[in-house]
Amino acid sequence: MLDKNTLKKLLRDFNIKGYADPNSKYVENEKNGKVLKLTIDDFTYEDEYYGGEPYSGNETIWENGKDIFRCVYWGKVAKGINFSDIYDFLRKALSKGPDGELVHRGPEEYVEGNLRYTNSIEGNIEDFRQVEKIFMDEKEVYVAYFVGGRVNVQK
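Residue numbers for the sequence shown follow the UniProt record's numbering, beginning at 1 and rising by one.
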């Protein structure tokens, strides 16, 4: 089994090569959603999401075909806010990767102009709950919730 730090690094690498990268290629799936698949050595990552506003999805990492990590998520941009601007800013924040004890997504805080991204966590890579938010002039305009951790530790 991968140690915690190796799994965290792997997830960070996949996150930065995934949604954080504006050139990442999500393709339509057969269930009215979109999916991104990436591979690093013996590990495969899949991010599958549904909807536009709000959206939901899930991420899975497999090692040699065995699922070892899962995360489900749901998020939205507030009504009346230009979601393209918010998602462009979100990608910039996510490209920084998580810091401190964070498992997933972006740093604890990232600021650019009047936009501020925050990311908080309960737990660790084994079992976590995470919330990311974006504020515009201190008004919350985006929120997303993530729940995940290792899977198939014991059978």
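For the record, the hints were derived by calculation from the structure and aren't laboratory data. Each residue gets a CB set at the ideal place from its N, CA and C atoms; glycine is no exception. Worth double-checking, as some hints may not be accurate.
Claimed, not checked - Straight line, CA to CA, 35 Å or less: simulated DSBU-like cross-link-like pairs of lysine-lysine: (1) LYS96 x LYS9; (2) LYS76 x LYS37; (3) LYS76 x LYS17; (4) LYS139 x LYS96; (5) LYS37 x LYS96; (6) LYS8 x LYS66; (7) LYS31 x LYS92; (8) LYS37 x LYS17; (9) LYS133 x LYS31; (10) LYS76 x LYS34; (11) LYS34 x LYS17; (12) LYS4 x LYS34; (13) LYS96 x LYS25; (14) LYS31 x LYS17; (15) LYS139 x LYS66; (16) LYS133 x LYS76; (17) LYS133 x LYS66; (18) LYS31 x LYS96; (19) LYS79 x LYS17; (20) LYS4 x LYS79; (21) LYS34 x LYS139; (22) LYS8 x LYS25; (23) LYS8 x LYS76; (24) LYS25 x LYS76; (25) LYS76 x LYS9; (26) LYS8 x LYS79; (27) LYS66 x LYS79; (28) LYS9 x LYS133; (29) LYS31 x LYS79; (30) LYS8 x LYS37; (31) LYS17 x LYS139.
Unchecked claim - Label-pair distances were calculated between CB atoms; the ranges are: (32) GLU140 x ASP3: 33 to 41 Å; (33) VAL131 x LYS17: 37 to 45 Å; (34) VAL111 x ARG70: 27 to 35 Å; (35) SER84 x ASP3: 20 to 28 Å; (36) ASN64 x LYS96: 17 to 25 Å; (37) ASP88 x GLN154: 21 to 29 Å; (38) ASN64 x GLY33: 24 to 32 Å; (39) VAL151 x ASP85: 32 to 40 Å; (40) ASP21 x ASP85: 15 to 23 Å.
Status of each hint after checking the structure:
1. This hinted pair checks out: LYS96 and LYS9 have alpha carbons roughly 13 Å apart, not beyond 35 Å.
2. Using a Cα cut-off of 35 Å, the hinted pair LYS76 and LYS37 holds, with the two alpha carbons roughly 23 Å apart.
3. For the given pair, LYS76 sits about 22 Å from LYS17 by alpha-carbon distance, which is consistent with the 35 Å threshold.
4. Between LYS139 and LYS96, the direct Cα distance comes to roughly 23 Å. Compliance with the 35 Å bound is thereby established for this hinted pair.
5. Pair hint LYS37 plus LYS96 holds up; C-alpha atoms about 21 Å apart against a cutoff of 35 Å.
6. Of the supplied pair hints, the one linking LYS8 and LYS66 holds, its CA atoms being roughly 17 Å apart against a limit of 35 Å.
7. For the suggested pair LYS31 and LYS92, the alpha carbons sit about 29 Å apart, so the restraint of at most 35 Å is met.
8. The hinted pair formed by LYS37 and LYS17 meets the criterion: a straight-line CA distance of about 10 Å does not exceed 35 Å.
9. At roughly 28 Å between alpha-carbon atoms, LYS133 and LYS31 fall within 35 Å of each other, so this suggested pair holds.
10. A threshold of 35 Å between alpha carbons decides the hint, and for LYS76 with LYS34 the separation of about 17 Å falls inside it, so the pair holds.
11. At roughly 16 Å between alpha-carbon atoms, LYS34 and LYS17 fall within 35 Å of each other, so this suggested pair holds.
12. At most 35 Å may separate the alpha-carbon atoms for a hinted pair to count; LYS4 and LYS34 meet this at roughly 29 Å.
13. Note on LYS96 and LYS25: the hinted pairing holds, with a Cα-Cα distance of about 20 Å set against a maximum of 35 Å.
14. Pair hint LYS31 plus LYS17 holds up; C-alpha atoms about 24 Å apart against a cutoff of 35 Å.
15. This hinted pair does not check out: LYS139 and LYS66 have alpha carbons roughly 42 Å apart, beyond 35 Å.
16. Using a Cα cut-off of 35 Å, the hinted pair LYS133 and LYS76 holds, with the two alpha carbons roughly 10 Å apart.
17. Of the supplied pair hints, the one linking LYS133 and LYS66 holds, its CA atoms being roughly 32 Å apart against a limit of 35 Å.
18. For the proposed pair LYS31 and LYS96, the alpha carbon gap of about 31 Å is at most 35 Å, so the pair holds.
19. Note on LYS79 and LYS17: the hinted pairing holds, with a Cα-Cα distance of about 29 Å set against a maximum of 35 Å.
20. Taking the CA atoms of LYS4 and LYS79, the gap is near 38 Å; set against the 35 Å cutoff, the hint is violated.
21. Taking the CA atoms of LYS34 and LYS139, the gap is near 30 Å; set against the 35 Å cutoff, the hint holds.
22. Taken as a hint, the LYS8 and LYS25 pair is honoured in the structure, with Cα atoms around 23 Å apart against an allowance of 35 Å.
23. For the hint pairing LYS8 with LYS76, the CA-to-CA distance comes to about 25 Å; that is within 35 Å, so the pair holds.
24. At most 35 Å may separate the alpha-carbon atoms for a hinted pair to count; LYS25 and LYS76 meet this at roughly 21 Å.
25. At most 35 Å may separate the alpha-carbon atoms for a hinted pair to count; LYS76 and LYS9 meet this at roughly 27 Å.
26. Between the alpha carbons of LYS8 and LYS79 the distance comes to roughly 34 Å, so the proposed pair stays at or under 35 Å and holds.
27. For the hint linking LYS66 to LYS79, the alpha-carbon distance of about 40 Å lies beyond 35 Å, and the restraint is violated.
28. Distance check on the hinted pair: LYS9 and LYS133 sit about 23 Å apart at the alpha-carbon level, within 35 Å; holds.
29. For the hint linking LYS31 to LYS79, the alpha-carbon distance of about 26 Å falls within 35 Å, and the restraint holds.
30. A threshold of 35 Å between alpha carbons decides the hint, and for LYS8 with LYS37 the separation of about 18 Å falls inside it, so the pair holds.
31. A threshold of 35 Å between alpha carbons decides the hint, and for LYS17 with LYS139 the separation of about 30 Å falls inside it, so the pair holds.
32. As the Cβ distance of GLU140 to ASP3 is approximately 36 Å, the hint placing it in 33 to 41 Å holds.
33. Between VAL131 and LYS17 the Cβ separation comes to about 23 Å, which falls outside the hinted range of 37 to 45 Å.
34. Separated by about 31 Å at the C-beta atoms, VAL111 and ARG70 satisfy the suggested range of 27 to 35 Å.
35. Take SER84 and ASP3: their Cβ atoms lie about 39 Å apart, and the range 20 to 28 Å is violated.
36. Separated by about 30 Å at the C-beta atoms, ASN64 and LYS96 break the suggested range of 17 to 25 Å.
37. Taken as a hint, the range 21 to 29 Å is violated for the pair ASP88 and GLN154, whose Cβ atoms sit roughly 42 Å apart.
38. Distance hint check: the CB atoms of ASN64 and GLY33 are about 26 Å apart, consistent with the given range 24 to 32 Å.
39. Checking the proposed 32 to 40 Å range against VAL151 and ASP85 shows it holds: the Cβ atoms sit about 35 Å from each other.
40. One distance hint, 15 to 23 Å for the beta-carbon pair ASP21 and ASP85, holds here, with the actual separation near 18 Å.
Checked against the numbered hints listed earlier, the structure breaks hints 15, 20, 27, 33, 35, 36 and 37; every other hint is satisfied.
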